[in-house]
Amino acid sequence: MSGFLAVLVVVLIFVVIFQIAKASEYVSILKGEKKARQQNNRINGFLLIAFLVLGLIGVYYCNELLKGKILGEPASEQGESIDNMIMWTLVITGIVFVITQILLFWFAFKYQEREGQKAYYFPHNNKLEVIWTVIPAIALTILVAIGLRHWFRITSEAPKDAAIVEITGKQFNWLIRYPGKDGKLGSKYFKNINDATNPVGQDWDDNLNRDDFMATEMHLVVGKPVKLIIGSRDVVHDVGLPHFRMKMDAVPGIPTTMWITPKFTTAQMREKTGNPDFVYEIACDQMCGSGHYSMRAIIVVETQEEFDAWAAKQKSQYELAHAAEAPAAPAQPAADSTQKAVAANVH
Amino acid sequence: MSNDATLHSHQQEVMHGAVAHDDHGNGHEHHHEDSFISKYVFSMDHKMIAKQFLITGIIWAIIGAAFSVIFRLQLAYPDATFPWLESLLGHWAKGGRITPEAYYALVTMHGTILIFFVLTAGLSGTFSNLLIPLQVGARDMASPFMNMLSYWFFFLASMVMMASLFVQTGPASGGWTAYPPLSALGDASIGSKIGMDLWLTSMALFVVSQLLGGLNYISTILNMRTKGMSMTRMPLPIWSFFFTAVLGVLSFPVLLSGFILLLFDRHAGTSFYLSELFVAGKALSNEGGSAILYQHLFWFLGHPEVYIIILPAMGMVSEVLAVNSRKPIFGYLAMVGSLFAIAILAFLVWAHHMFVTGLNPFLGAFFVLLTLLIAVPSAIKVFNWITTIWKGNIHFTPAALFSIGFVSTFISGGLTGIWLGNSSIDIHLHDTYFVIAHFHIVMGVSAFFGMFAGIYHWFPKMYGRYMNNTLGFIHFWITLVGAYCIFWPMHYEGMAGMPRRYYDYSNWESFKQFVELNKFISIVVIIVFATQLLFVFNFFYSIFKGRKMTTTNPWNATTLEWTTPIHPGHGNWPGEIPEVHRWPYDYSKDGKDFIPQTVPVSPDESKH
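Chains as they are written, first to last, in the numbering used here: chain A, 1 to 347; chain B, 1 to 608.
In short, the hints are calculated from the structure, not lab data. Model, not experiment: these values are computed from the prediction. Among the hints, erroneous ones may be present.
Only part of the chain A face toward chain B is listed, based on derived beta-carbon distances under 7 Å [said to hold, decoys possible]:
1. G3
2. V7
3. I102
4. W106
5. A108
6. Y111
7. Q117
8. W151
9. K191
10. V235
11. V251
12. A283
13. D285
14. F307
Quick list of in silico lysine-lysine cross-link-like pairs, DSS-like style, CA-CA up to 30 Å [stated by the list, open to error]:
15. K391(B) - K592(B)
16. K110(A) - K35(A)
17. K512(B) - K34(A)
18. K592(B) - K35(A)
19. K127(A) - K545(B)
20. K35(A) - K512(B)
21. K31(A) - K592(B)
Output of the computed footprint for chain B on chain A, the stretches with three or more beta carbons under 8 Å from beta carbons of chain B [claimed, not checked]:
22. 45-59
23. 202-211
24. 214-220
25. 289-301
26. 309-322
For each residue, glycine too, the CB sits at the ideal point set by N, CA and C.
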């Protein structure tokens with residue numbers, strides 16, 4: 001019933017607007033087309049300048065309202081670069097935005113049709129056109145130069161002493177693997193993948209794999225560069241780190257990398273933001289299926305001591321996998337699930 | 001001009017004004033037996049085909065926009081239920097809340113429909129067809145038959161896409177970009193089952209339609225201009241349609257090739273895009289493919305595509321601003337030159353959509369440079385539009401208002417392109433709401449404004465009647481204010497890193513602060529959507545009941561389309577095609593309000 005009423009109200013509003021519009025057409029015929037045209041022009045001219053003024057106020061108001069809701073200080077050294085770049089670009093584009101919008105609406109208002117007013121025949125002026133080709137070109141060259149400097153620094157090879165963490169996307173969560181004490185990740189092959197015991201497909205014959213451990217949260221040491229080795233098991237995902245201002249696709253079959261240097265521990269960020277629930281989040285930024293929006297993981301940034309204590313408690317995946325296999329009927333569950341999957345496919 | 005020769009044998013009959021045409025009546029009519037089918041359905045008249053494209057586009061626009069209203073409801077009220085949604089969508093909205101699968105299907109279809117079916121077919125299909133023969137002085141397209149096929153292939157594509165909405169597993173739901181492996185594997189996403197095949201089929205048919213249309217536009221513009229219509233005397237819309245068609249003809253085949261490889265991967269066991277996958281509990285046999293290859297092929301069209309959408313709008317806005325300011329467009333050659341520059345650069349920037357795919361950073365640097373280079377011709381265009389209205393005598397028709405709105409949104413959205421084109425900023429903003437804000441303003445809203453400007457301006461030429469002005473003003477003001485209210489705040493969500501294509505943000509500590517803002521945006525979306533329905537009503541009502549046109553040249557414009565009779569028949573001019581003697585922008589020259597292109601240059605006229 002209420003739905004029906006809502007539709008009725010909308011239809012009524014439509015009818016009223018339409019009747020007014022139709023009536024105004026008759027009125028304009030009665031008043032004479034010229035007079036109606038002048039009146040419409042005056043109203044629209046006024047609205048254009050009003051839109052400009054209110055619009056610029058709105059831009060300011062929107063900023064006041066929302067500036068506290070964006071991320072605040074970047075939490076990585078790379079993020080500082082990016083925020084710095086954003087600042088430069090904001091200043092340049094902001095100036096252009098304000099000037100051109102003012103000119104556009106001001107001219108529209110000022111040169112609205114008036115009786116006796118003649119338009120000025122002004123087909124071209126080479127000098128003006130050269131000026132507004134060269135000035136944007138210079139401004140953009142500056143932006144490109146600064147931008148590329150940051151870009152090459154951010155995408156450069158990670159420092160030699162950087163920690164290594166592997167992160168693999170799958171529908172719909174992240175698999176995080178640490179290289180263990182040796183600091184080296186063991187090799188993997190996708191056909192070894194087994195959801196119960198070997199989620200990323202580690203090759204157990206590779207001794208480097210013995211001490212690699214998996215984690216549900218990513219733990220990073222504050223102030224220490226870390227290189228992420230990014231991959232995917234199924235579709236394209238993306239490791240999005242909004243607080244660090246970093247992002248990199250996870251592409252099946254093609255490993256990608258990115259490195260960051262976290263600046264603040266999670267505890268420090270809780271203080272800075274005044275939010276006791278603050279956590280660094282990994283958000284998937286590439287459409288990956290129906291669970292895309294829930295593909296979340298947490299990063300804990302902590303001191304070296306805290307990290308060492310945490311790492312010491314982790315069990316290597318090799319240990320876990322082989323503990324699971326030790327009881328009778330080895331590999332039975334795995335074979336079972338494969339069969340089920342095949343059967344599901346047949347249907 | 002062979003069809004000219006067959007239709008008329010008179011030579012060099014000089015036509016001075018449009019009134020003279022009426023004496024001829026529709027003299028050529030006896031050449032055709034117009035049945036209902038040949039006139040309204042399988043028509044080969046470019047004007048009728050234009051109307052077919054437009055009305056099909058309008059229907060698609062309503063559907064596509066309605067989809068956005070539904071998914072905006074989800075974003076605004078993630079916990080609420082709307083029982084009517086269940087009646088509408090069945091198990092896709094069980095209990096009155098759409099499922100994630102339905103959400104992603106709606107998002108995907110919204111993008112596909114608006115980008116391809118509305119802003120490509122509905123915009124450039126409509127106005128290229130309507131204006132090219134009328135403004136260059138031709139009786140019809142180079143091949144009216146191919147032109148008809150172009151529409152009917154589009155219609156077929158539409159039918160297949162429409163059918164995909166009703167299959168049991170739903171339509172494609174991997175985003176309008178359809179990146180594999182998601183789009184290649186039915187096990188990875190329900191939308192990648194039969195819905196994806198239908199999507200690919202529909203898009204293939206759509207590419208055929210675009211090629212048939214595009215080749216026709218190019219050959220008509222190059223070969224069928226009337227006497228005196230040199231390339232530099234063409235009105236700017238024609239230049240923009242020309243570059244649009246060239247872009248389409250060169251880039252759509254690449255998209256098709258990408259789609260064909262995707263079809264092979266889906267059904268023929270190939271591994272073009274697939275490698276090392278473990279899906280639905282088992283490892284697939286594919287190795288050695290590259291998911292990134294698809295992205296290159298896709299964006300090689302995908303980027304020119306945004307110019308395919310925006311160039312016609314630019315051309316029409318240039319024309320409408322000049323006519324309603326009673327001033328020549330400022331810097332005609334610079335306007336043509338910048339269109340040309342944009343068209344060239346459009347092919348050289350595609351990888352800026354791929355800065356975070358693991359692209360070689362060195363290669364990325366070139367794409368940064370070339371991408372930001374596009375800002376230069378774009379800036380020239382903006383300054384030239386502003387100078388065009390400077391010291392004009394502007395008549396605010398709905399078309400003129402939409403053109404001013406176009407320039408405003410093009411500035412706003414264009415400037416954020418400078419942010420995203422710079423790879424270091426793109427790292428943070430890629431695939432966030434900032435991107436959504438950017439491209440909706442610069443190619444969604446702007447292109448729609450260009451389209452509305454075109455519709456209001458050339459409606460009298462299409463139907464011999466006017467649209468209602470008051471409704472036009474209401475339409476413009478609510479849409480302009482609404483568009484900014486919807487998309488401006490999204491920049492802030494993007495700055496916070498809020499990812500696009502999320503069904504629900506409430507579990508995210510970093511993004512859930514925007515719940516009130518999302519509500520606000522969605523409410524504005526509903527208001528703006530209702531306003532568009534008002535426009536649609538105005539459009540259809542005016543076709544039958546609008547105020548009748550009494551003069552052939554209602555806007556006092558100089559271009560050739562206004563020298564045809566109020567209801568031009570197939571062939572456009574009852575007598576000779578008029579000869580052109582000057583460029584199309586002699587407004588307010590030498591104290592004359594306007595001098596039509598058909599008027600010979602008098603010896604005492606000043607040079608421009």
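Here is what the structure says about each hint:
Evaluation of the G3(A) hint against chain B yields a held restraint, the C-beta minimum of about 6 Å falling below 7 Å. Against a cut-off of 7 Å between C-beta atoms, the interface hint on V7(A) is violated, since the closest Cβ of chain B lies about 10 Å away. Look at I102(A): its Cβ only gets to about 10 Å from chain B, farther than 7 Å, so that hint breaks. Checking W106(A) against chain B: minimum C-beta separation of about 10 Å lies over 7 Å; hint violated.
Below 7 Å, beta-carbon pairs count as interface contacts, and A108(A) has one with chain B at about 5 Å; its hint therefore holds. Look at Y111(A): its Cβ gets to within about 5 Å of chain B, closer than 7 Å, so that hint holds up. The closest approach between the C-beta of Q117(A) and any C-beta of chain B is roughly 5 Å, which is under the 7 Å cut-off, so the hint is satisfied. Evaluation of the W151(A) hint against chain B yields a held restraint, the C-beta minimum of about 4 Å falling below 7 Å.
The interface hint given for K191(A) is met, as the beta carbon of that residue sits about 5 Å from the closest beta carbon of chain B, less than 7 Å. A least Cβ separation of about 4 Å between V235(A) and chain B falls short of the 7 Å threshold, and the interface hint therefore holds. The interface hint given for V251(A) holds, since its Cβ lies 5 Å from the closest Cβ of chain B, which is under the 7 Å cut-off. Taken as an interface hint, A283(A) checks out: its beta carbon lies about 5 Å from the nearest beta carbon of chain B, inside 7 Å.
Hint status for D285(A): holds, given a least beta-carbon distance of 4 Å to chain B, under 7 Å. Look at F307(A): its Cβ only gets to about 22 Å from chain B, farther than 7 Å, so that hint breaks. Simply put, K391(B) and K592(B) have alpha-carbon atoms about 16 Å apart, close enough for the 30 Å limit, and the pair holds. The suggested pairing of K110(A) with K35(A) holds, with an alpha-carbon distance near 19 Å, which does not exceed 30 Å.
Between K512(B) and K34(A), the direct Cα distance comes to roughly 54 Å. Violation of the 30 Å bound is thereby established for this hinted pair. The suggested pairing of K592(B) with K35(A) holds, with an alpha-carbon distance near 23 Å, which does not exceed 30 Å. With a CA separation close to 50 Å, the supplied pair K127(A) and K545(B) exceeds the 30 Å bound. Only pairs whose Cα atoms come within 30 Å are accepted, and K35(A) paired with K512(B) is rejected, the gap being roughly 53 Å.
For the proposed pair K31(A) and K592(B), the alpha carbon gap of about 28 Å is at most 30 Å, so the pair holds. Look at the region 45-59 of chain A against chain B: 7 of its residues bring a Cβ nearer than 8 Å to a Cβ of that chain, three or more, so the hint holds. Check on the region 202-211 of chain A: 0 of its residues sit with their Cβ under 8 Å from a Cβ of chain B, so the three-residue criterion for coverage is violated. By the rule of at least three residues with a Cβ nearer than 8 Å to a Cβ of chain B, the coverage given for the region 214-220 of chain A is violated, with 0 such residues.
Residues of the region 289-301 of chain A lying with their CB closer than 8 Å to a CB of chain B number 7, which satisfies the three-residue condition for coverage. Figure legend: the region 309-322 of chain A, annotated as covered by chain B; annotation inconsistent (0 residues with Cβ-Cβ distances under 8 Å, at least 3 required).
Hint compliance for this structure: hints 2, 3, 4, 14, 17, 19, 20, 23, 24 and 26 are broken, all remaining hints hold.
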